[in-house]
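Protein chains: 2
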Amino acid sequence: MRDLNETSVTDAVLEQMAGTPDERLREVMASLVRHLHDFARDVRLTPQEWLQAIGFLTQVGQACTPARQEFILLSDVLGLSALVNLMHDKTAIEQGTESSLLGPFYRQDAPDLALGETIAAKAPGHEFLVYGRVTDLHGKALPNASVQVWQTDEDGVYDLQKGRGETMDMRGNFRCDAAGRFHFRTVKPLGYLIPMDGPVGKLVHSQHRHGYRPAHIHFLVGAPGYRELVTALYLADDEHIETDTVFGVSNALVTSPRDEDPQAPMKGIPAIHYDFRLGIAAADEAGRVGADPSQIVAAH
Amino acid sequence: MRDLNETSVTDAVLEQMAGTPDERLREVMASLVRHLHDFARDVRLTPQEWLQAIGFLTQVGQACTPARQEFILLSDVLGLSALVNLMHDKTAIEQGTESSLLGPFYRQDAPDLALGETIAAKAPGHEFLVYGRVTDLHGKALPNASVQVWQTDEDGVYDLQKGRGETMDMRGNFRCDAAGRFHFRTVKPLGYLIPMDGPVGKLVHSQHRHGYRPAHIHFLVGAPGYRELVTALYLADDEHIETDTVFGVSNALVTSPRDEDPQAPMKGIPAIHYDFRLGIAAADEAGRVGADPSQIVAAH
Numbered sequence: 001m002r003d004l005n006e007t008s009v010t011d012a013v014l015e016q017m018a019g020t021p022d023e024r025l026r027e028v029m030a031s032l033v034r035h036l037h038d039f040a041r042d043v044r045l046t047p048q049e050w051l052q053a054i055g056f057l058t059q060v061g062q063a064c065t066p067a068r069q070e071f072i073l074l075s076d077v078l079g080l081s082a083l084v085n086l087m088h089d090k091t092a093i094e095q096g097t098e099s100s101l102l103g104p105f106y107r108q109d110a111p112d113l114a115l116g117e118t119i120a121a122k123a124p125g126h127e128f129l130v131y132g133r134v135t136d137l138h139g140k141a142l143p144n145a146s147v148q149v150w151q152t153d154e155d156g157v158y159d160l161q162k163g164r165g166e167t168m169d170m171r172g173n174f175r176c177d178a179a180g181r182f183h184f185r186t187v188k189p190l191g192y193l194i195p196m197d198g199p200v201g202k203l204v205h206s207q208h209r210h211g212y213r214p215a216h217i218h219f220l221v222g223a224p225g226y227r228e229l230v231t232a233l234y235l236a237d238d239e240h241i242e243t244d245t246v247f248g249v250s251n252a253l254v255t256s257p258r259d260e261d262p263q264a265p266m267k268g269i270p271a272i273h274y275d276f277r278l279g280i281a282a283a284d285e286a287g288r289v290g291a292d293p294s295q296i297v298a299a300h
Numbered sequence: 001m002r003d004l005n006e007t008s009v010t011d012a013v014l015e016q017m018a019g020t021p022d023e024r025l026r027e028v029m030a031s032l033v034r035h036l037h038d039f040a041r042d043v044r045l046t047p048q049e050w051l052q053a054i055g056f057l058t059q060v061g062q063a064c065t066p067a068r069q070e071f072i073l074l075s076d077v078l079g080l081s082a083l084v085n086l087m088h089d090k091t092a093i094e095q096g097t098e099s100s101l102l103g104p105f106y107r108q109d110a111p112d113l114a115l116g117e118t119i120a121a122k123a124p125g126h127e128f129l130v131y132g133r134v135t136d137l138h139g140k141a142l143p144n145a146s147v148q149v150w151q152t153d154e155d156g157v158y159d160l161q162k163g164r165g166e167t168m169d170m171r172g173n174f175r176c177d178a179a180g181r182f183h184f185r186t187v188k189p190l191g192y193l194i195p196m197d198g199p200v201g202k203l204v205h206s207q208h209r210h211g212y213r214p215a216h217i218h219f220l221v222g223a224p225g226y227r228e229l230v231t232a233l234y235l236a237d238d239e240h241i242e243t244d245t246v247f248g249v250s251n252a253l254v255t256s257p258r259d260e261d262p263q264a265p266m267k268g269i270p271a272i273h274y275d276f277r278l279g280i281a282a283a284d285e286a287g288r289v290g291a292d293p294s295q296i297v298a299a300h
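Here the protein sequences line up with chains A and B, keeping their order.
Sequential numbering from 1 applies to the first sequence in the working numbering.
Sequential numbering from 1 applies to the second sequence in the working numbering.
Any given hint could turn out to be false.
For chains that are exact copies, the list does not tell them apart, and a pair is met inside one copy or across any two.
To be verified - Within a straight-line C-alpha distance of at most 25 Å, the following computed SDA-like cross-link-like pairs (lysine to any residue) qualify: (1) LYS90 - PHE39; (2) LYS90 - GLU6; (3) LYS122 - GLY201; (4) LYS202 - ASP259.
Hints were generated in silico from the structure; no laboratory data involved.
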């Protein structure tokens, strides 16, 4: 029998995991163990700190509900979600519109709406129009493309954050017309603090970070044979546009409503014009960096 | 505004965390983010795998109860608990008896027992005696030292794993006599599968690991002014003595009951003789690699 020391314990773990039949699981877990142990050695993690980490992760897990995904939030504030998203973008055969984070507030059961309808069923606010086209990289229209939209209301709150998440508002699923065009009305979203009442919020607070995301509208855009696009449009006038707590903003996604837009399909309200370009999909491609929280909790 | 790429996103996260007022938190989180991102880049973590990880961690958190600590179990099977323990040992001013893992089944509310009593209040089994002395490194007795003991029954089950954890058995807190001596009776523990019905068990199963810990008796030994000793005695005849799933065994902690022991304070039953040596404690020293699960869940 060998006695383990702080270096050889890593080899012992890798040895025990070496028989993993799934090659990818073996590779991922071996790398995870190496990096996890390197981290613990680099900082000389103490038993007390280890116990704090155990307590923290337990709290994060127990804060997850069908309406709240605290582990996605943790991944977001550590920049891991943005990193996975950026790596995923590089795997595209063709690079379409820049992607952004799905975030923890996507819902699969949003209502289907007709073009021109408003997603603000209940919430009041400064109305504006969003319109554009969904095309391939060469500008060819993708008829009947699916455009799912969700955002906060003018108070910076998602429906899922109200009560027990039984409210449904500020979301809608649209179908483009035969020319790949969509338009819908909404009210101006407000940038918002990530949920600060849970363990992740406490961490962000203890790091003296402001905790805000700049105002944005989420989009999930899809058409058969094309790579699903997870993105968001950010409003240029938000004070946190350069310091997003979850690292989701990129220049190409920053926009502003224009008061006068002769091209707009509805007049008399400000309009954002944005066209989405979808690359073609790889054969076995899958993956949104995010998910409906109810699907994650329900899965176990 | 800068557009982030898969390298610069790490710097952006570190920048946002740079204002953390607690120096140690800043150091630990910066290292964590670097290693976490390196891991994700090394394996080219995909959105699908990321989502599996989110789901897995959520399940681990939700499997935690006042009677079960699934995150400690995860730390154990990844060798992190053993590593933190080994590093902690090296911080000792004086190195006493080798330490081992506290594990997830320690309870603060175990009964106080008199020397010579059995910890097997209910469980049947092959009885034997455990006796010895608690001393400093030079063999000086530590009178009234505290010896807390817990183990599985002969079926390899902890009391906390029965029903909803309302059973109390196979544990006891003893006080040494004026010469630092202790003795108590117990029944032979059985090695056991770590809890395989949760997400960590599923992971271990998918890695084709046997999942067993060799039979052992946990000890938490303390005396004022001395470093608290968290350790365990392992039974030599266990078939998994060399392949502990949580990497807790070391040679010096492997023992066997002897049928004839003229030194033993009680005759007619097999006896294990083991003396514990405690080093002196550093001034601000704290830390067991483990905790009573009810204290972790209760804390949030």
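Structure versus earlier hints, numbers of those that do not hold, lowest first:
3, 4
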